[in-house]
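Asks: Sequence:
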Amino acid sequence: MHIVELIGRILLSALFLIEGIGKISMQEDVMMYMENYGIPGILFIPAVILEILFPLLLIVGYKTKLAAFVMALFTFTVAIIFHTDFSKGMEMVFFLKDLAIAGGFLMIFVYGANKISLDHFLKSKQE
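The sequence shown begins at 33 in the numbering used here and counts up one residue at a time.
Simulated from the structure, these hints should not be mistaken for lab results.
Glycine is no exception: its CB is placed at the ideal position from the N, C-alpha and C atoms.
Errors might be hidden in some of the hints.
Claimed, not checked - EDC-like mimics (lysine to aspartate or glutamate), calculated; alpha carbons at most 20 Å apart, straight line:
#1 147 - 37
#2 155 - 61
#3 129 - 51
#4 95 - 159
#5 55 - 37
To be verified - Each pair of labels, with its calculated beta carbon distance range:
#6 72 - 33: 23 to 33 Å
#7 109 - 142: 27 to 37 Å
#8 150 - 53: 14 to 24 Å
All chains should be built: construct the whole structure from the sequences, respecting the hints.
Replies: Right under this line is the structure:
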């Protein structure tokens, strides 16, 4: 069952990792989108770093609980900022999707990574 937990971390992380990498080539468009919602464009680089770094940490299972908590906060914040105009088409679906993803990250935060992780490997080395 440990492989299933790893697959879950990979699936949750893939969305953000792919989106973060994709945003690099669309910097101007993404910054304009952010600014339309009142988010300063200067936060583009930290957001991209967050969307790439923390999913990678989750995938390899290093500092898993911290990475999951950061991603849960990020996902919840994105839902609140960008997806609360429910009068626009699919915004309710996007909002609920983000809440569900944040919930998945919170589960990882509570339980951490299992045997297939750097956290487990490093912990077993100390014992």
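Asks: If a hint holds in the structure, say so; if it does not, say that too.
Replies: Do the hints match the structure? See the list:
{"no.": "1", "hint": "147 - 37", "result": "holds, 9 Å"}
{"no.": "2", "hint": "155 - 61", "result": "violated, 43 Å"}
{"no.": "3", "hint": "129 - 51", "result": "holds, 15 Å"}
{"no.": "4", "hint": "95 - 159", "result": "holds, 18 Å"}
{"no.": "5", "hint": "55 - 37", "result": "violated, 28 Å"}
{"no.": "6", "hint": "72 - 33: 23 to 33 Å", "result": "violated, 44 Å"}
{"no.": "7", "hint": "109 - 142: 27 to 37 Å", "result": "violated, 20 Å"}
{"no.": "8", "hint": "150 - 53: 14 to 24 Å", "result": "holds, 22 Å"}
The structure does not agree with the numbered hints 2, 5, 6, 7 stated previously, though it agrees with the rest.
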